[in-house]
Amino acid sequence: MLTEQLLSIGLNHFLTISAILFGLGMFAVMTRKNAIVILMGVELILNAANINFLTFSKYNGGMDGVMFSLFVIVLAAAEAAVALAIVINIFKTFKTVDVSRVDTMKE
Amino acid sequence: MNQLTIPIIFYIFAAVTVLSAAFVVFSKNIIYSAFSLLFTFFGVAALYVFLSADFIAVTQVVVYVGGILVLLLFGVMFTNTIMQTELKADVIHVVPGVLLTLLLIGGLLFAFYNASAAGGWMPGMMQLQGSVVERIGFETMSRYMLPFEMVSIVLLVALLGAAFLARYDKAHKKEH
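Here the protein sequences come in this chain order: V and H. Residue numbering for the first sequence is 1 to 107, as defined by this note's numbering. Residue numbering for the second sequence is 108 to 283, as defined by this note's numbering.
Excised from the complex, chain H in its bound form:
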């Protein structure tokens, strides 16, 4: 019984992730896509917990669900006028797209399973276990100091650039 619980929970979260991601991609309605993306992000966060990366899971929920998803919903609301009742999204090149996607997934899975069947991927001596927060703190302040500072500067510049790009343009408005 105890042996079955963890695989069952894993498969439930895997199914939630994959099915909601498929709904994001195949739904015609953009609002439905955005809300389905919510379940994908939560499912991926649960998978991170299975990978013993609890801090990354919480960050995923805070940043993706709290930030990026809200931003995407704002984008949907901004770019579809209220009078336009249907929020439809057309598709192009469906048949080549499906073929390429199946080829891509098949190729990736073939490569993964082939490598593991040939004994190419041996697990390391020590696997990550328990909470990873303390080790993230140590790594951030020692080996990953420079990338950490660089990514903070990149984030600042990107946010300034986004605010500059999306601001209300007076000169542009006067022309119309």
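For reference, chain V alone in the conformation it holds in the complex:
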């Protein structure tokens, strides 16, 4: 029974991987101090969401999940560009990217 379930790749396998990726991304966002590693955690979370979209799209037979995962990829690119611009500005102002030492909003 268990080997049967392990050998037939189904919905739950992909959902498990996406849950693990999401947890790891959240861990990076919660515990790391470096802003760039936090961005990497956000990318992991977006990838986990994409896996979920595509999994449900495949087993539902519709195209909605596929289209939304495409939009998620585009928005992830936009997010990475803007976030890195902000990180570079933070580095110019504070001389560090340690988010626990960035504590003023005005120079």
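For the record, the hints were derived by calculation from the structure and aren't laboratory data. Hints should not be assumed to be uniformly reliable.
What the hints assert, rightly or not - When the alpha-carbon atoms are kept at most 27 Å apart in a straight line, the in silico DSS-like pairs for lysine-lysine are as follows:
1. Lys95/V / Lys135/H
2. Lys106/V / Lys135/H
3. Lys95/V / Lys106/V
4. Lys92/V / Lys135/H
Claimed, not checked - One side only, chain V facing chain H, incomplete, derived with CB under 8 Å:
5. Glu43
6. Ala49
7. Ile73
8. Val87
Using N, Cα and C, we set each Cβ at its ideal position, and we do this for glycine too.
Given chain V, put chain H in place with the hints provided.
Same frame as chain V, but now just chain H:
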């Protein structure tokens, strides 16, 4: 034999994805994290192929590996001065973070498996099969016309904003 090959390939890619993602999160060196993220993105792209979304897999490789990862590496290089030999990244709140993460993963898995055990998730009549490129073309030009145009405008505005934010600031430089 033929029945075993596809699960074995799936588990190899799943292991690559999860282990490299764990290395991204737990590595102290930011450069190692960035290069480990490469393997995560490739593994996720392979999983997309298993989900019969070939176009999304190729887009994942082009956009994430070719664009976002290079951008992140640029960020790492810009924000760590060359004199600073160690590219270390500290951690805070590790114990609550680990607890919350385990709780989160456990809760998600419990919800997923509970729903599927109760018979809540029945697969649809028709599952996606084969290539999905042609159907993406049809959907983009019919039902998803407006989101497609909106996302293109969002991308343009975001790129202009990023270029404006990150440009060399003359007035700011003169003060120092």
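Hint-by-hint comparison with the structure:
1. A distance of roughly 20 Å separates the Cα atoms of Lys95/V and Lys135/H; the hinted pair therefore holds under the 27 Å criterion.
2. As the CA atoms of Lys106/V and Lys135/H are separated by approximately 31 Å, the hinted pair breaks the 27 Å bound.
3. Restraint check for Lys95/V and Lys106/V: satisfied, since their Cα atoms lie roughly 15 Å apart, inside the 27 Å limit.
4. Only pairs whose Cα atoms come within 27 Å are accepted, and Lys92/V paired with Lys135/H is accepted, the gap being roughly 23 Å.
5. Look at Glu43/V: its Cβ gets to within about 7 Å of chain H, closer than 8 Å, so that hint holds up.
6. Evaluation of the Ala49/V hint against chain H yields a violated restraint, the C-beta minimum of about 11 Å exceeding 8 Å.
7. Here the hint on Ile73/V is kept, as its CB sits about 5 Å from the closest CB of chain H, short of 8 Å.
8. The interface hint given for Val87/V is met, as the beta carbon of that residue sits about 6 Å from the closest beta carbon of chain H, less than 8 Å.
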